[in-house]
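2 protein chains.
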Amino acid sequence: MKIGLFGYGTIGKGVYTLVEGLRKKYDCEIVKVFDLPIKREMLGDKLVCDINEIVNDKSIDLVVEVLGGHDLPYEVITKSLSSGKSVVTANKEVVSNHLEEFINLAHKNNVSFCFEASAGGGIPLIRPLIDNVKVNDVNNIFGILNGTTNYILTKMDEDDLSFEEALGLAKINGFAEANPTADLEGLDIVRKINILSSIAFKGNISNDSIYHYPISGVNKQILNNIKELGYALKYVASSYRDGDNAIIRVEPTMVKLNHPFASIKNEFNAVLYTGSTNGDLMFYGKGAGSIPTATAIVADVVSILENRAYIEYNNTRKLSINTIEKVDYKYYIVNDKFVAEFKENVSDEELLSSRFYARVL
Amino acid sequence: MKIGLFGYGTIGKGVYTLVEGLRKKYDCEIVKVFDLPIKREMLGDKLVCDINEIVNDKSIDLVVEVLGGHDLPYEVITKSLSSGKSVVTANKEVVSNHLEEFINLAHKNNVSFCFEASAGGGIPLIRPLIDNVKVNDVNNIFGILNGTTNYILTKMDEDDLSFEEALGLAKINGFAEANPTADLEGLDIVRKINILSSIAFKGNISNDSIYHYPISGVNKQILNNIKELGYALKYVASSYRDGDNAIIRVEPTMVKLNHPFASIKNEFNAVLYTGSTNGDLMFYGKGAGSIPTATAIVADVVSILENRAYIEYNNTRKLSINTIEKVDYKYYIVNDKFVAEFKENVSDEELLSSRFYARVL
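One line per chain: the protein sequences are A and B, in this order. If you read the first sequence in the numbering used here, its first letter stands for residue 1, the second for the next number, and so on. If you read the second sequence in the numbering used here, its first letter stands for residue 362, the second for the next number, and so on.
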């Protein structure tokens with residue numbers, strides 16, 4: 001199988017190396033790589049700088065998209081699927097916005113669309129969830145889904161750093177991007193919990209309908225107070241379905257020290273959900289990093305090479321998001337004078353007007 | 362697809378109910394159930410009491426085996442695969458003893474052999490591991506793989522029960538069998554870590570080559586002392602590969618309170634392994650119970666119905682088990698006078714002559 005690769009950054013290079021390793025066992029080869037002309041020295045004749053050189057190449061059956069961003073990846077994915085190529089992507093932004101369209105396009109063209117690396121990095125998460133909801137209902141999901149912010153919270157706690165110092169360390173160690181806004185405000189987590197919730201609840205969800213509150217207001221004093229109360233502070237996505245309604249929120253969250261999430265440290269991610277017959281399941285692993293992400297992408301490639309990838313997937317449910325009363329949420333609210341109190345049945349207005357708050361799980 | 366079910370105990374009933382639920386979406390039906398004549402009232406004409414009535418029925422393409430035991434399941438599985446039927450089983454005893462034979466038989470007859478429920482109950486564990494080792498090497502596995510003993514240790518700790526009281530409670534709540542010897546001595550865990558290690562290390566392993574030490578010597582005093590030292594006591598299987606050598610042991614094990622295993626409570630299981638490119642991965646969920654196990658079995662059935670199940674699997678490696686020097690193991694050894702000390706580089710003879718011991722992880 002001839003493969004076209006879009007993007008030769010750190011993840012793209014990892015994919016290239018791992019696919020080379022597969023060639024001992026599988027008949028596969030990356031024959032063209034799309035990137036900027038500056039990559040000519042590394043890629044030689046394999047470099048193409050026009051997406052159509054891959055998209056219109058009838059000898060290529062599989063496209064791996066690791067460009068990042070929205071518009072160009074969207075064009076690459078839709079054109080590739082439409083021209084009968086299977087697609088593997090790690091792009092949470094496009095997947096969270098267009099999952100139903102991609103799945104339908106893949107179905108119509110009898111090819112595969114795989115996106116394991118788009119949520120939870122290197123953790124095998126999406127395929128087990130898809131398999132799971134074929135047998136039982138999943139009506140809630142909790143996730144620590146952002147490596148950068150979990151790393152910051154860990155370093156603040158364990159090494160007594162300020163938020164800014166921990167963020168600086170995350171940048172030095174490659175866990176935070178130069179502009180970390182999407183991580184710190186929760187937008188990255190919004191996209192990932194959207195993808196997982198769409199699969200679990202079998203409905204389409206708009207990123208705009210997911211409430212998110214930034215983690216960046218936390219400081220050492222708040223963190224220490226929370227610890228003294230017997231909790232760990234984590235940045236958690238929570239997602240519940242009740243019939244055709246769902247409520248999905250990304251909030252600073254306090255978990256008891258014996259909760260499985262309390263031991264999720266550094267750049268690790270974890271997802272916990274409850275199956276109606278399966279009970280609680282948790283998946284834990286490296287949620288970020290180029291090599292773990294490349295590994296998840298190449299596992300998708302292998303599933304296509306072995307003809308095991310096609311996913312029957314129907315978003316038949318019309319979901320209303322954020323319409324359930326949050327009767328049983330309890331919050332820890334810090335006011336401007338750094339005085340904190342526990343409150344229940346709090347409005348979003350009150351939460352948003354606080355100095356900082358955390359949900360108590 | 363017509364399905365033959367072997368065994369109509371609690372798990373078999375769960376499988377029957379869940380397969381009925383699949384019929385809205387898939388063309389599948391359990392047409393015959395093998396069990397004792399006493400089940401006639403429940404099963405009516407579907408009951409058969411001779412295995413050949415299913416094994417020789419050419420209209421049946423898929424067999425689910427949940428009989429328990431060894432000899433009859435072995436006969437059912439080999440005869441079914443040989444006659445061109447796919448097989449799904451939860452039987453860790455036969456799978457741990459005959460995995461290579463079953464896989465080769467399935468391959469030869471162009472059918473599927475699935476065994477997700479044979480380790481880790483309802484946790485999707487085996488399929489992600491099989492996928493994972495196609496892309497990267499897994500050279501160590503740690504597991505809390507027995508619900509009964511983890512439940513006992515949790516109740517001793519949290520409810521201040523003696524070992525015998527906690528075992529009694531486990532029996533009342535359906536987490537321990539009438540004869541719990543295989544659980545308490547570690548034989549159940551031996552079979553499960555064997556299955557996982559065979560897949561991860563790509564080699565055949567004899568159950569006899571796996572060292573195991575019973576958990577039943579623990580008492581409240583020892584547990585409290587371990588807790589005061591800042592550890593939780595768990596019954597852990599550990600498995601390491603180094604080249605063609607491997608060392609696999611099932612031992613009482615002390616983990617720091619912030620280790621992910623410390624928060625695995627009650628009947629839950631967890632498996633932690635490290636991929637060479639993926640990093641640490643952990644899977645957590647209900648390791649026992651009829652409904653979680655039935656869910657894993659039916660997920661295997663769905664993968665066969667969707668034609669996604671066939672596993673390419675080659676046990677090409679000749680492994681020598683338990684031949685690595687355990688240079689870096691540290692033990693907590695309790696002598697006959699209940700005096701404890703930490704020691705390194707301890708011989709198995711010294712461990713076996715202690716009152717009780719735990720490995721320090």
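Since the hints were made in silico from the structure, they are not lab data. All of these numbers come straight from a predicted model, not from anything done at the bench. A virtual CB, placed ideally from N, CA and C, is assigned to each residue, including glycine. Be aware that one or more of the hints could be misleading.
What the hints assert, rightly or not - Short, incomplete list of chain B residues facing chain A, as computed with Cβ under 7 Å: (1) PRO398; (2) PRO575; (3) THR638.
To be verified - Coverage of chain B stretches by chain A, computed from C-beta distances (three or more under 8 Å per stretch; other residues unrestricted): (4) 364 to 373; (5) 424 to 430; (6) 443 to 456; (7) 620 to 627.
Hints versus structure:
1. The restraint placing PRO398 (chain B) at the interface with chain A is violated, with a minimum CB-CB distance near 30 Å, outside the 7 Å limit.
2. At a threshold of 7 Å, the smallest CB-CB gap from PRO575 (chain B) to chain A is about 27 Å, leaving the interface hint violated.
3. Annotation: THR638 (chain B) was flagged as interfacial toward chain A, and the flag holds, the nearest CB pair being 5 Å apart, inside 7 Å.
4. Check on the segment 364 to 373 of chain B: 0 of its residues sit with their Cβ under 8 Å from a Cβ of chain A, so the three-residue criterion for coverage is violated.
5. Coverage of the segment 424 to 430 of chain B by chain A is violated [criterion: at least 3 residues with CB-CB distance below 8 Å; count 0].
6. With 0 residues bearing a CB less than 8 Å from a CB of chain A, the segment 443 to 456 of chain B misses the requirement of three and the coverage assertion fails.
7. Only when three residues or more bring their CB closer than 8 Å to a CB of chain A does the claim for the segment 620 to 627 of chain B stand; here the count is 6, and the claim holds.
Checked against the numbered hints given earlier, the structure breaks hints 1, 2, 4, 5 and 6 and satisfies all the rest.
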